[in-house]
Amino acid sequence: MVRKFYLENEKGQKYDLMDRENYCFLNEPTGLGYSYSSDYLLLGNTFIENIRTMEKGEINGSLVTRYYDNINDFINFIEQAESLRFAYIVPFDKKSAVTYYKDVKIASLEKTEKEVSSGMLVTPVTFDCLSLWYEKNEIIYTITKKEREIRWNFRWASRFTSYSSRNIVFNNKGHVEAPISVEMEGYLINPCISVYVNSKEKYSLKIPLTLQEFEKLLYSTSDNNLYLYKQNTDGTLTSLFTNDYIDISKNNIFKLPKRCIRGYAYSG
Numbered sequence: 023m024v025r026k027f028y029l030e031n032e033k034g035q036k037y038d039l040m041d042r043e044n045y046c047f048l049n050e051p052t053g054l055g056y057s058y059s060s061d062y063l064l065l066g067n068t069f070i071e072n073i074r075t076m077e078k079g080e081i082n083g084s085l086v087t088r089y090y091d092n093i094n095d096f097i098n099f100i101e102q103a104e105s106l107r108f109a110y111i112v113p114f115d116k117k118s119a120v121t122y123y124k125d126v127k128i129a130s131l132e133k134t135e136k137e138v139s140s141g142m143l144v145t146p147v148t149f150d151c152l153s154l155w156y157e158k159n160e161i162i163y164t165i166t167k168k169e170r171e172i173r174w175n176f177r178w179a180s181r182f183t184s185y186s187s188r189n190i191v192f193n194n195k196g197h198v199e200a201p202i203s204v205e206m207e208g209y210l211i212n213p214c215i216s217v218y219v220n221s222k223e224k225y226s227l228k229i230p231l232t233l234q235e236f237e238k239l240l241y242s243t244s245d246n247n248l249y250l251y252k253q254n255t256d257g258t259l260t261s262l263f264t265n266d267y268i269d270i271s272k273n274n275i276f277k278l279p280k281r282c283i284r285g286y287a288y289s290g
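For the sequence shown, this note's numbering gives the first residue as 23, with consecutive numbering after it.
Hints were generated in silico from the structure; no laboratory data involved. Values in this document were obtained by computation on a predicted structure and should not be read as measured data. Using N, Cα and C, we set each Cβ at its ideal position, and we do this for glycine too.
Straight-line C-alpha distance at most 25 Å; calculated DSS-like pairs for lysine-lysine: (1) 228 / 272; (2) 280 / 228; (3) 252 / 228; (4) 36 / 133; (5) 127 / 158; (6) 78 / 158; (7) 222 / 277; (8) 26 / 158; (9) 252 / 277; (10) 238 / 33; (11) 224 / 158; (12) 26 / 78; (13) 238 / 277; (14) 277 / 228; (15) 252 / 272; (16) 252 / 238; (17) 224 / 280.
Restraint ranges, calculated between C-beta atoms of paired labels, are given here: (18) 61 / 221: 33 to 41 Å; (19) 255 / 36: 25 to 33 Å; (20) 115 / 232: 48 to 56 Å; (21) 273 / 205: 14 to 22 Å; (22) 255 / 90: 44 to 52 Å.
Input sequences plus hints: build the corresponding full structure.
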C-alpha cells in the first residue's frame, strides 16, 4: 500500500490527488513535516531556550494531469470551498492505515503548458498550513432502552432507569492538547460537559438551560472555530457565551490533556 492524498471541503466533498485521469496527481509533495523557531539566551557557557514557537508550514508539490479540464475543476473546488483540509493516509507497517488532516488554504497555483515529451500538465501548487496534523475521531451515543428494561405508567412513587449521563474514555496520543466538538440533543435539563483525569475532575462546563426536543447544544474548542450555541428547532443559532449561561470565572474553553482521560456529558 502507498500513501494517499486528497482535499476535503467543509461539506465533506473530496478532491482526489492520486488520480491523474479524472482529477490530478500530486507529485513529490514536500512540507509534510513540521519545524520550530527558537530563541536562546546565553547563560554562562550554556544556551537556554527562551522562546519556542511552531512555524507555519507549506505543502508544495506539482499537480500532474493530461487535461486542462481537471485543473479547472481543481480551481473550482478550492475556490468554492469555505474551508479546506489536506488529508494524508499513512500506510503504517505494523498497524492499520491512519488518515491525518491538516487545515490549509491555497497559496499559489502556477499556470503552465503541456510538456511536449509527455503531453502532461505539470502545475506547481502551494498550500499554506493552518494547523498541525490531526485525526478525526467521532463518537456518537444514541440513547436506547437498556436490557430487560420495563416501562409502565405508575401513579405512585417509582424508580426508573436513568439516562442522565454518558461517558467515554479517550486516550489522547497526540503531541498537544486535543480540541473537542460536542453536540447534545434535547430534551435536556442543565446540560454539562466534564473532563476527568485519573478520576479527578479537571474541567467542567455547566449550562443552566433546558433544551426542548429537537433543540441542540453545540460546543467546540477548536482554535479557529470556537463556539457555544443553542441550535433552535428552526436551525437558527443562539450564542450562549454570555453571563447568563456560563461562569466567566472558570475556564469555559478546554481541551483534552495529553493522557488518558474520561469525559462525561449529562443533564440533570
